[in-house]
Structure formats: C-alpha cells, structure tokens
Amino acid sequence: MSAIKTFKRPNALSSKEFTYCPGCHHGIVHRLIAEIIDEFEIQGKTLMVAPVGCSVFAYTFFDVDGTVAAHGRAPAVATGMKRARPNNIVFTYQGDGDLAAIGTAEIIHAANRGEKITTIFINNAIYGMTGGQMAPTTLLGMKTTTSPYGRKAENEGYPIHVCELLKETGGVAYLERVTVNSPNEVRKAKKALKKAFTAQIKGLGFSLVEVLSTCPTNWGMSPKEAMKWLDENMKKEFPVGVFVDKVGDEK
Amino acid sequence: MSAIKTFKRPNALSSKEFTYCPGCHHGIVHRLIAEIIDEFEIQGKTLMVAPVGCSVFAYTFFDVDGTVAAHGRAPAVATGMKRARPNNIVFTYQGDGDLAAIGTAEIIHAANRGEKITTIFINNAIYGMTGGQMAPTTLLGMKTTTSPYGRKAENEGYPIHVCELLKETGGVAYLERVTVNSPNEVRKAKKALKKAFTAQIKGLGFSLVEVLSTCPTNWGMSPKEAMKWLDENMKKEFPVGVFVDKVGDEK
Amino acid sequence: MSEKLMVKGNEAMAEAAIRAGCRLYFGYPITPQSELTEYMARRLPEVKGTFLQSESEVAAVNMIYGAASTGTRVMTSTSSPGFSLMQEGISYIAGAQLPCVFINVVRGGPGLGDIQPAQSDYFQGTKGGGHGDYRLITLAPSSIQEAVDLIPLAFELADKYRNPSLILADGMLGQMMEPVSFSEFKDLSELPDHSDWAMQGNEGREPHKITSFDIDPNKLEEMNMVYNEKYKEIMEKEVRYETTQVEDAEYIMVAYGTMGRILSNVLKMARSEGIKVGLFRPISLWPFPYKALNDLIKGKKGVLTVEMSTGQMVEDVKLGVNGEIPVNFYGRTGGVVPTPNEVLEQLKQMIGRGE
Amino acid sequence: MSEKLMVKGNEAMAEAAIRAGCRLYFGYPITPQSELTEYMARRLPEVKGTFLQSESEVAAVNMIYGAASTGTRVMTSTSSPGFSLMQEGISYIAGAQLPCVFINVVRGGPGLGDIQPAQSDYFQGTKGGGHGDYRLITLAPSSIQEAVDLIPLAFELADKYRNPSLILADGMLGQMMEPVSFSEFKDLSELPDHSDWAMQGNEGREPHKITSFDIDPNKLEEMNMVYNEKYKEIMEKEVRYETTQVEDAEYIMVAYGTMGRILSNVLKMARSEGIKVGLFRPISLWPFPYKALNDLIKGKKGVLTVEMSTGQMVEDVKLGVNGEIPVNFYGRTGGVVPTPNEVLEQLKQMIGRGE
Amino acid sequence: MNENILIIAGFGGQGVMLMGQVLATAAMIEDKHSTWLPSYGPEMRGGTANCTVVISEEMIGSPIADTPNSVIAMNIPSLLKFEEKLSPEGLLIINTSVVDREPSRKDIQVAKIDANKIAEDIGNLRVANMVILGAYVEKTGIISMESIEKAFERKLTGKKAKLIDMNIKAVKAGMKAVRN
Amino acid sequence: MNENILIIAGFGGQGVMLMGQVLATAAMIEDKHSTWLPSYGPEMRGGTANCTVVISEEMIGSPIADTPNSVIAMNIPSLLKFEEKLSPEGLLIINTSVVDREPSRKDIQVAKIDANKIAEDIGNLRVANMVILGAYVEKTGIISMESIEKAFERKLTGKKAKLIDMNIKAVKAGMKAVRN
Amino acid sequence: MAKYYVEIDKERCKGCGLCIEYCPKNVLSFSDEFNSKGYHPAQLHDMENCIGCGFCYMMCPDTAITVYKEKEKVETR
Amino acid sequence: MAKYYVEIDKERCKGCGLCIEYCPKNVLSFSDEFNSKGYHPAQLHDMENCIGCGFCYMMCPDTAITVYKEKEKVETR
Ligand SMILES: Cc1ncc(C[n+]2csc(CCOP(=O)(O)OP(=O)(O)O)c2C)c(N)n1
Ligand SMILES: Cc1ncc(C[n+]2csc(CCOP(=O)(O)OP(=O)(O)O)c2C)c(N)n1
Ligand code: SF4
Ligand code: SF4
Ligand code: SF4
Ligand code: SF4
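Residue numbers (our numbering), protein chains in the order written: chain A, 2 to 252; chain B, 2 to 252; chain C, 4 to 358; chain D, 4 to 358; chain E, 3 to 182; chain F, 3 to 182; chain G, 265 to 341; chain H, 265 to 341.
You may find that some hints are simply not true.
Pairwise CB distance ranges (calculated) [stated by the list, open to error]:
no., chain 1, residue 1, chain 2, residue 2, range
1, F, Lys87, D, Lys163, 42 to 52 Å
2, D, Lys279, F, Lys87, 24 to 34 Å
3, D, Leu191, F, Glu91, 54 to 64 Å
4, B, Gly204, F, Gly160, 57 to 67 Å
5, D, Lys301, C, Ile328, 11 to 21 Å
6, B, Pro87, D, Leu191, 55 to 65 Å
7, F, Leu82, B, Lys225, 54 to 64 Å
Among the chain D residues that face chain F by a calculated CB cut under 10 Å, a handful are [said to hold, decoys possible]:
no., residue
8, Ile147
9, Gly174
10, Glu181
Hints were generated in silico from the structure; no laboratory data involved.
Cβ coordinates follow ideal geometry from the N, Cα and C atoms, glycine included.
Modelling step: build the complete structure from the supplied sequences, incorporating the hints.
Listed below in structure tokens is the structure:
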C-alpha cells in the first residue's frame, strides 16, 4: 500500500459497477487482484480470462485486455495465450462449478504442466449465476436447488478439495487456500495473491489461490449471516493454509 | 484357484484371440479379470465397458454384456449403467491416455461420487493404439512420437500419478497400484483385483487398480527388455502399493 | 388428463417425462433450462427415480449412453453450448442405436451468446452436429401443452426405432407459464424392457454387445445401412406438421416452435386485413415434411419462412419447395424474438414485391 | 516452389502450415491424422515454434481460442470424433471472430466408427456442428498438392475475415503419399500482427475485449449482424470450384475432395466409352458454389452426386440445381471408398433411366 | 384480437413475478387463455425484473408484445422503460410510494396508488404488490375477486397458506383505493 | 488409362511399406505420376500389411483400384487375399521362402523367387523385400535401376545411409534371379 | 476538524452493510434515502471518530469507499 | 511317465517368449515352425522336468497355455 494511509479504488479496475449481489465476496477479490496489478505495475501486459459464472462480466471489470472462456476451459484458454505470448502475465478467475466440475481436466493438466499462469479460484460451494445448484464443493447436507433434500455422500459424493488434489501434480509453484471474511483475512488473502503472481512473474510454474467466499443470495442469508456460516462451516471442510510454496519469502 | 493345481483359460473369456502385440501385458490382466469373474461366479450379471485404446476390442474378449465407451468416458458410461441397474457388477478397463488425459474429469468425479464400479487402469506410459504418442504418464526424458526429443517438465509437465490424485477424493473404497512383471507380481495383482471387485460387491464405493504395464511395440523393445525397463524405470516413478483399503482382509 | 395447471415450460416438460415413465435423469445446469434439471432433482426421488447432476454435459451424454445401453428409459436436457458439448456422445448413441431423449432449450448464440430464446441450433439438431451419417428424431413444440404431449411420443419413437429423439424448444417455451393438463402416469410395467438387445447381464443367453465401432469398413457400412433403413422408414411414417388456413391462401408462412405460435397472431392480423395467407408449421423437423410442403405450395404465389435465426430451416423449406415458387426469409437472431407487427410488415413487403 | 518430394498427406499439410508461418500448434492424437500432430512435435522446435499436446480435443480447441485471441497464427488438426468434441469451442471462436485453422481428416462414423476415409462430416463442417448462426470457411482438397496449396489460403482467409477456416480432408488424403512441391517459407514479419484488436497487453491503449458474449439480445444480434455481413462477403468473393469437360457434357458429376479425384478416372472411362459427362468439383464447401453450379446445369440432362457418405453435400447440390434438372446420388459410407468402376456403373444406370 | 396484455415491472424483491402468476392463474380458473412470461437471467439481480401477462378469450399466439395495453410500474426505471411502449388509451398504474415522478404521456389513463403505505397499514410491506394487483383488477375488471382468491389457494400452499388472508386483504384494499 | 497398379502385401515386419515408397519415389524421379497408399490401423499389428502403388504418365485419379495389374505376395494370407483381384494377364510375384503354395489362377503370369535365401546370401535377411522389388522391376521394366538408386538415397538418410549399398545389391540380385 | 474522511459512492453502494459491520469505531450507518438501484447506501455519520483504518474499504465488495487523510484529498497512485 | 503336461495353442501363441523366460525348469523353448501369423510358437521340449507350477500360464499374455496334472486331462471349472 502507498506510503500515506489512504485507500482508493485501484486503477486496474474499469469504471464499471460490479454486477454482483450485495455483500458478495467476488467484489472484494476483484479489488485485491487490481491492487496487486497496480503495485506490480503490470497492468499494461496483463491478460485476464474470465469464466462462465457470476464473474462472467469480470473481463469488463478490469482495465486490461480480457476475454471470457467457455465454461470450465479458462486454464486451456490461458495456456494458449501464455504459450503464444510468454512475456505477458495471464490470469484466470474461476468459480467452483467452472473449475471443479466441468473444468476438472483443464485445471489439473494446466497445473501438472506447470503452465506459467495464475488462477484465482472462488469457492462459494454453489453455482451462483445459474441460481443455486449443487457444486462439487457443496457441503454434505447442504440444500441447493439440485440437492433439495441436502447433499448426500451416498448419491452425490463428497465435497471436492481442489488444493488437496492439485498439490499432487508436479507443476505447481504456489498453492494456498484463503478467506476474505475480515479485514485481517483480506490482508492475508492479498499476500497469497501477491505470491501467486510472483510465482508467474518469476516463471516458477503454475499458481492458484482458492478463496472461500459467500453467496448470500443462493445461500438464502444476509451478507452478515453468510460470513458467519462460512466461518462455522466452510472453514471446517476446507482448511485454509499454504499447500505449495516454491516462491519463498521476499525480503 | 480350484482345488487341483491345474491352469486353464477362464470361462469369462470369449474364444476370440487377443489383438495385442506379442508380450503385451493387456492379455495377462484380461485373464486375471476373467479368473475373478469365474471365481466370484458373477459372469451372468457383469457389464463391461471397454475404452478407446488398444483394448478397444476388450468388450468382445469377455463373455459378458459389453460395450465400448467414447475415449475417456468409460467412468461416465459405467455410472449410467450402475445407476440404472444397481444390482449388476460394472467394470471399466482403461488405458493411461483414456483415463489420465481426456478422461481426467470423468474418473475423478466417478471416484469422488463413490460410484459402485470397478476400474482397471493400464498404465503403460504411452498411447499404444495410435502409435506411441506421449501419455500424461510418460516418464521425463522418455522419447515418444509426440515428445521426439524426450519429455521435458518445462514444456510437457510431469508424469501424472493417478492413484495419488484419486486418494484425495472421498468416494474411493479400494485403490492399489500393481505390476504383472513376474508370476509373484501376477499373484499380487490378482489379489488386488479381487479386493477391488469385492469393494463393489459389498457396495463400499469406487475401486480402481492401476497396473503398470509394458508396451513393447511402442517402447521399441522386446517383451523381455520391456519388462526389465518397467522394473528399472516405471516402478521408481510409480511406486506400487495400497493407497486406500476400506475392504479389509477376508478370513 | 389432469386438470389444467399453470406451469413453467421447463417444469412441465420434466413432469411430462416422468409421467411418460422416465425415472432416470442425468444433466448439468444451464440457463434457460435449469428449472427442468431442478424439477427432476426434486421430483424423481418422490417417485423412486434417480437424479444425478453430472460434472459436465460431456459426462451427462455418456451417462445417458450407459443407462440407455441397459434398456432403461432415460433423458437429459440442456441449452445450446451444452448441447454442442454432447455432439460426440450423441453420435456414439446414434451409432449404438440407443433409445433416449434429449431436450435442447435453445438460447442465443454462437459461443456464450446470451440466455434469451433462439432457433439457431436447427442445423445442429436436424443435420447432425456430430460426425457421421446419423439423424436425431427432432420434434419442435410451439406451446407448453404441445411440449407435454410430444415428450411421451419422443420416448416411444426412440424405443420403436432405437434412435435418440430430440425436443427442440427455446428459452421462451422453457421460461413461460401457461395452462397445461398432463396425461396420467404411464404404468412402468408397460415400458419395453429391451431385454432382446440391452446390457442387463448375460445369465442364460449369449452376451449382448453395444457398439458404434467396427474396424472393418464393410461391416461398418452394413451398420450404417441398418441405420439408413430406419431413417427411410422414419421419413415415411413419422412426418408431423400443422397447417392453418392454407386452402384459400395465396401465400404461405412457414415457422416452427415458438415462432410458429407467434405467426398465428400474424395470420389473424393479416387475414383481418384481407391478406390471403396460410401457416405451415413443421412439428417434426427431422423428418422434415418436404412432400407435404411441396403438395401445399402448388399454385401459391410465395412462401415466407420466419425463424429466430439468420436462416437455417429455410434450406429445408427450399428443398421442399424445390424451386417451384419464391421462398423468402425473415429472421431475428441472438435472442431477439420477432413481434407479430414486424413480421406482418415483412409479409406485406414481400407481397408488395409481388413474390 | 521446392523440388518435388514424396510425402505423406498428413505430414505435407503440417509442413505447408509451417511454411505459411504457423509456429504454434495444439492438438491431440487420433487416427488417421496422428502423423500431422507427430510431424509438428518434431518440426516445430526446429523452427523455434511451440508444439503442445493437449489433454483432449476440448482443451485443444480452447487453447486455440486463447492463442488466436492474442493474434498469433495457430492451428489444430483432428479426426471426426475429436472434431465433434471441438464444436462448443468452435462456436465460441466463430463468435469471438478469431482467425485460426482446423484440419479434420475425416474417418468413418458415426460414433467410434472406424479409421478409414469418409466424407460424412460435411454437414458438421459446412452447416455448423456447433450452436448458433456461424460458419466455417471450409476448403476440400482433392490431392496432397492441392492441400498444401489451400493451407496458406485457409490462414489468409481466416485473417482477412477474422473467422476460423476448416480444411476438410479424409483418411486417404492423410495417409497416402504422392509427389508434392512446397512454396517457400513465409517471412514471419509479413504476418498480420492483429494489434488493432488482439489481446497483447493494453500498454498505451484502451483494453481489448474478446468475446462471443453479450447479455443484451439486441447487442448480441448486432454482433451476429457483423458476422452475417462477413458471411455475405465471403459467399460473394471466396467461392472456389473446378470443372472438367463440362462444356459439351449432357450429364454432370459432382464430388469433392478424394471423391472428386476418383471421379476424374470415371470421367476418362466414361468419355472413352463416348458418354458425354463432365465433372463439377466444389473446392470451397462453404461458401458452396450454388450459382456456378446453377449456371452450369442449364440445358444438361441430369446430375450425379457422389459422396463417401449416405448423402450430405447432395442437399447443397439440390439447392444449387433448384429443381431445374434431376439430381441423383450415389454414396458409400463407413470408410468404404467407391471405386471408379462402380461409379461408372451408377452413371450408366442413371443415364439408362433417362434422368 | 382482444387480448389484454399487461407488463408488470419493478425491483427484484418487489414480487412482480408472483403478481403476474396470480393474475394468469386466476384467468385460467375462469377458463380464459393466459400466458405469463418473465424476464430472466442474472441481470435481474438488483436490477429491475418484469413479466408479461396475456389474457384472452382465444388461443394466445404471442406471449410477448411490442404494445401492452396495461403497465404496472413499481419503480422509476420501470416507468421510464415501459411508459412509452403503452398503447394509446392504455392503463398505467404507478406505485407512488416508490415512484416520485409524473408520467410524461397524456394519451393514456393513469392510476396512482401509495401501495407501500397501504400495505404497511395492513401490517406487511411485502404485500404492496397485491395492493397494486387489486388496483389493476378494479380498473380493468378483467378477473373476479373469487378467481383471485382461488388463485391464491393454488399459489400459496404449505407454510405459505397462512399468508392467503393477508394477500386477499391487500388486493381488496387496492381495489378500494382506486375505486371512485 | 495405362496405369500400373501394384499391390504389395505381407507381414508387418517384412518391409512392404518401404518397398512401395521406394518404387513410388523412383517413379517421381522419372517425372512420372505416382501414388502410394498404405493399409493402416491397429489391425496391422501382427496381421498383414499392404500398400498400393500407382504409376502413370498422366495425373492419377484413384490411388485405389479393384483390379491391380501386379501383386507381390510376401506371405500366404496375402496370396489368398490378392491373387483373385489381379487383372487377367496380371503379374503375380511370390516370395517362395515364406509362401509354400501354388497360385490357383492360370490366366496370370507368375514369378517365384526365394527372396529370403537370396537376401541371406547377400548377408541380411531384412533386404528380402528389396530382392523382390528387383524381381518386379526386372519383370515390368517400369523403372530404371538408376532411379531406384536415387530413391534409396532419398529414403535412407542419416544413420540408414550405410544400408544403401546392401539394398542396391539386393535389388540387383532380385533382377538377376528372375532374368531368363 | 477531523483527520480522516470516508467517501461513499452512493450509486455503487448496495447496502450490504459489511463496512458498517467491520468498522471498529461504528462511525458508519445506513442512510434512509434510496439510491437508484433501490438500496439504502451506507453513510459516515460520525466523522470525528473515524481513525482511517480502511477496514470499510477492505471489506467493501463494490469498491464504493475511498478513505482520505486530512480534509483535502491526497493524490495516490 | 510325467505327472504334468503343458499344452500350448500354437495359433494363439505370438512367440513373445515370456513363458520360456519365466519357466523355472527351462522346459519350454521356441519351435522352428511358423504359425499362420508368422510367429515361432513356444513348445514344451522337456516334459519330464515340468513341475506344473503354472508360471508359464500366469505370464502368457495370450492365454495360449493350459497346464494339466497327469497325462489325462482333469476337468476343472
Ligand atoms: C457448457 C456450459 N454448461 C453450463 C453452463 C451454465 N452455467 C453458467 S455458470 C455455471 C456455474 C456457475 O457456478 P460457479 O462456477 O460456481 O460460479 P459462481 O456463479 O458461483 O460464481 C453454469 C453451470 C454454461 N454456460 N455452459
Ligand atoms: C475423441 C477421441 N480422441 C482421440 C482418439 C484417438 N485415440 C484412440 S486410443 C487413444 C489413446 C490410447 O492410449 P491409451 O489410453 O494409453 O491406451 P493404450 O492404447 O496404450 O492401451 C487415442 C488418442 C479417439 N478415438 N477419440
Ligand atoms: S449469486 Fe452469489 S456468487 Fe453470484 S453475485 Fe450473487 S452472491 Fe455473488
Ligand atoms: S501397442 Fe502396446 S499396448 Fe497396444 S497391444 Fe501393442 S504392446 Fe500392447
Ligand atoms: S460495504 Fe460497500 S457496498 Fe456494502 S454497504 Fe458499505 S459501502 Fe455499501
Ligand atoms: S507366453 Fe504365451 S504367447 Fe508368449 S510365447 Fe509363451 S505361449 Fe506364446
């Protein structure tokens, strides 16, 4: 942050208003990414790949060259870009349906190849844009429009742990799960995102930060309640922490 | 095995001659599966799903109802069958290109859902049927028709470890990596396959046995050399052993 | 038939499938059809059925392949991008001759496009978006009631010909509500069990093999000839369409699905202005009613085809008209639905041009 | 032009792409096109290019989307089932107006089918196997030399119109060898850099956005109208075909690609027997040469369309002929290639029937 | 064709969809033809939602129309968007508790109603939508109160059943408010 | 059309593909038109492989043909499969070291050659294919020895270059063996 | 005369209340007026006690908040 | 008169040699004749010393081997 204790909208964001619901964490994470782009002074060479999901409009929220990938394929699209232009900074932004359901193969192989891209993974345990269907990350017992009686391991299987899976692939340079549930957690999340982008800038390999996020609308809660629910339920299922760190600490 | 020490072709195999190359391990594994079907007396209710790969003809090699799935989709096909007919025994047979490349999402989600199916996974570190291209399991430095200068982590990433990935999903009941490189290893492999089918019969969840196998033709070696190469190289990269066992030991 | 209920198109189609004896559904959410998936998730457990949300449309279509190969009545539903992802699997299902039903609630394209109603997946549905010489029995309802009535038929035709059927709907039909009455629940014991070919375990019989594969081109051609014979029979027996006020008409409007119902307004408006126009509405898009259309246009002055696309069915209309009279086209695309007034305008212009 | 070399079709096409300035390839192996992928793996590193084997065709087409959106010349190749898996991505690429080249070395279908030559993916390539109103510029070579010559054109048209191009080949063209000479290596500095629209970093300019998406149907329709204008221009300017001995012909044979070259034998045989027949060979399948064909058939007695399918291009032939003279069809499918003798037989029968 | 075409528009949370469904259902109960078509998609979030209800004696062709003959505007954006589409002589109903503006057209009939206030008096702000529905029914006489009540019984089932009375009260209050 | 159509068939390992490629390349060197078309696919494994070579003065339409005018049979299955397809008066060349059978047709010319033995005498069993190629060239005179040598130089490059002499020897031995 | 000042963009604000929730000094609250989206935006009701910690900025999902030191704006990049 | 006998299906055998390789008693070898696929099938050249361990059966990828106890076949399921 700049020397003087002052807080303002980062330049890497366009002037567009976010299309997210009140209290949705997508917006907080967007701002953090933009702050890092500003601080690393990489706005002019950053390419962003938005997913299909509530953040489908994200490619218009950042003032960088941007596109929206087919549902789940952002890592493949980013791979194509990075292989074509290795000197650009390429990041994808994906939800849990996009990344952990339909996009499972693409994220695992991008990570395994050690593609020098950065993925921001928003895990809100549900499909937001399409109206609250079950995600692979939906907790057991959680009611969604496609698990109306609560998710049962017997029929729908277990919440997928993306970081735990990806840590088993060879190409990952940085991998951490964070939250943005309080100012302090927001600070931690920003540090994680910084390291993830550093991993790419240093050419160390693939980096991903998973952010446990709220979806007040489809969880059927107020923003406040949603954050409480996240604290009490999601953190248990998805422990935060660093899974892979080949970046090390900056002095 | 039957009381009297005598060895003959199992009944669960059709009379068709295998289409595999001389010394290819596919045939050994086929025989083991058929022996187990005989011993468990489940031939009449077993449904088999062949992959696309050298074992594409496998659905004709077993004397059970069989089909061939689209490349990589055998777990989804088997899911459809098992959900439609829970009382049948359903197994898939897949190569490393089929399962670990194009079929990544399907195998991970079938495992995570704990689908009550059994998958036999033949890892020969190469695409056999199509003529020796690189597989996700190809070892670093290994020359294939699509990694003619040897696989480099920098460009193609690292050999994928399927068992290590799948052990991170919730629905797996039995998971082991074996070889059939000697009579003793063949015996061990058969025990593993038995447990895998037992897991399904007991309804415990998803089971998979990975078999490290040779592809003399595309490795460009004699069957003998190929088995030596497997011993010296593949076992190092892919350690054999049990990854998940919810079956326990029969008395 | 049940009493009239006010139901959303997506939910009505789901209920109709269940009443037609479908107890197995695999699918992946996508607007504007997600209510169909959600209804199945809610309703199937109530009737001892099985609902499974697949990890993707690619997985869904292959789950359908597996379930259908056991001879079980099964279906899925999706919208345009999802249907594109299913093309390989659909080609396999057609090749393996598996009965099942697909519903495509079409939205604006190409690519991510938008989520509004469109008819720009006509080629994909009727000509085969997948590889190889295969066809889908493609039915296009123009009202929720017709959708509810066509769904049992889609299952029956799929069983009869061992070929996948497709209900080609659109976002408007999926999202709107109108009064609909449902037929009674089909007695499950009356469903064909397909034990003569299906994978159900080979206890006491030769094993059944389900495949679209034969390495020998002559054998594969024989398989194709089997499909082809079926297709010929379907083209003869299963053509469906509706005509309105065509007898005295000088001009014929052709449209299907939602566009067809909207044209019925245009028809009234035009007739009230004394314009002699009739409406031809194909219900089976494949098999397309070429002959019926050709018979119909004899002696007419011109045809106006209207689609929510830049022009796809119009090629089949031309094949049917076979150059005998002029065929005009009007379309809106990308999720824009032509209003009765603008179509009437087009009709008048065409007549003005003396076509 | 290089000296004549004896080269396999798949490898010749790969070399031609490299000489056309393509230094980036993403693809997944599949018979009968794998030699193309393998050649790229060998050759691209030699010319400082990048080869990457994707985890699937779905990944491949989306890697193409990413690379093409940076304005980099890029291509992929596959065969029928793989091309089906690419349909969603192709629809996105067309919607985002990204220049790139696809090669489909067609094999017998549907489903897994076999690996022998076929032409049963014509609809998929020309009408759009994916969703929405989009088109691929589709070129069909009949010899390895023609393939090598059409590939640079495919890239140039893709750049000129910002639209994907498709080379529709088949297993025979991919697997056979015949003498071919290559054009010189294109100077990479002459390639369009597309910096006016591509994603290359927005240093000192407004950000570029690449998308096929707009939630507002009116805006999406506007996007579609932009595509449509392009398509109209392409239909006007980019029609390509070849005619042989059509002037005095009473009957016209129509075929494309491999089938087209085989018919040149039939033509010789028929002419040597005094049968007045000519050959019309579309080279651009989309845009299809409707008008050229229609002009050509005036005063002829009949048309025989021959395909390695149960009949797909024949619909376009009929649209071109527009009912003016009879259109007959002969096809083999599933990987079976009609031999000159059997086609000659068909030709005689048709003439016998006085069509 | 004597079709009644109504567009109801407002914020996401104002219950415009339910209003339309109740109306269409009531029409069905009277054996009329009716269709209900919602705006849909993520843009609904926060933004404005609307639905089109068509009621007719004959089979209904188009569930959409370029010129509705009634519009209910529950917020300012809706007024701006739909007033102009209204057919001449058409009916415009405005919820004045949220819309503090005057319509610009003079060739239409306008009914204003302070729906939120009336709803609060009844004891629940959330039934403001039904107050306005009452106003519409009163002005058009298109549907009988009885059918509306039947429609509520169909729409509000289970836990929601206890809300029926309050909703009926709201409709009646709305009718009264615009009666003159 | 005076096209020379040759089918070469044998086991996977017998080098039938290379024979065809050398021949087609030699024809190209003589500015003739030529095509080479292999059988392909997994069934080749173990089973029999074959290729079709067409050589002509004119542009070649079909690289396949129902009636070849020459067939080289390197093993029994190939003899059984292709003898019948041969055109009347056609040339059938049999590798007697592997094929211990008589052809059944009488309307064709037959050339037999103990290729494996001749190859072994030269010192390498693997050039048996080129011995037979020699026999074919001798019988048909379709290509000059010089062009064959040039073709070898193109096909056998790098490490394989040292094999050129041995292959030329084999071709010549084959020519001699059927000369009479 | 306060050292800090929080500016809230009424139109961007969606009234989620996170800034209010996480403000350590409780100087923020909802205003009664509606914005054009129909939300009650947040407002700074007690400038005196704002310590400029930026928590509200950090938690705001809609980048509606700017925190200034001193009355006059300090330019930052 | 031997207690064990190994029968090798010449046509199924592809001459891979695994049975020969893993036979602890070296009683198997390649025969000189070709089968119709062009392979030299394996053969039992030293029946006397076969101990019926079944290693050849276990390693045979083409199910070409049957091991019998006693001269006369013992029926097994
Ligand atoms: C091929 C395809 N299938 C399905 C969809 C529909 N769809 C859009 S977004 C989405 C999931 C969104 O959930 P998530 O990825 O968790 O992101 P969120 O909206 O929760 O931020 C789905 C299924 C699509 N657009 N394309
Ligand atoms: C969609 C699709 N893509 C590609 C292929 C081509 N193909 C067939 S098998 C195969 C890979 C085979 O390798 P593997 O799965 O390792 O099995 P193996 O042959 O080694 O036993 C490929 C790429 C195909 N048939 N379908
Ligand atoms: S639906 Fe959920 S994820 Fe989407 S914007 Fe609203 S709160 Fe955020
Ligand atoms: S190619 Fe390899 S995997 Fe395939 S059959 Fe031959 S040896 Fe086995
Ligand atoms: S956090 Fe932002 S959006 Fe939420 S109330 Fe405060 S200012 Fe408004
Ligand atoms: S192991 Fe089997 S196939 Fe191999 S040589 Fe022995 S008998 Fe033959």
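Each hint, compared with the structure:
no., hint, in the structure
1, F:Lys87 / D:Lys163: 42 to 52 Å, "48 Å, holds"
2, D:Lys279 / F:Lys87: 24 to 34 Å, "31 Å, holds"
3, D:Leu191 / F:Glu91: 54 to 64 Å, "56 Å, holds"
4, B:Gly204 / F:Gly160: 57 to 67 Å, "59 Å, holds"
5, D:Lys301 / C:Ile328: 11 to 21 Å, "20 Å, holds"
6, B:Pro87 / D:Leu191: 55 to 65 Å, "60 Å, holds"
7, F:Leu82 / B:Lys225: 54 to 64 Å, "33 Å, violated"
8, Ile147, "9 Å, holds"
9, Gly174, "8 Å, holds"
10, Glu181, "5 Å, holds"
In the structure shown, a violation is registered for the earlier hint numbered 7 alone.
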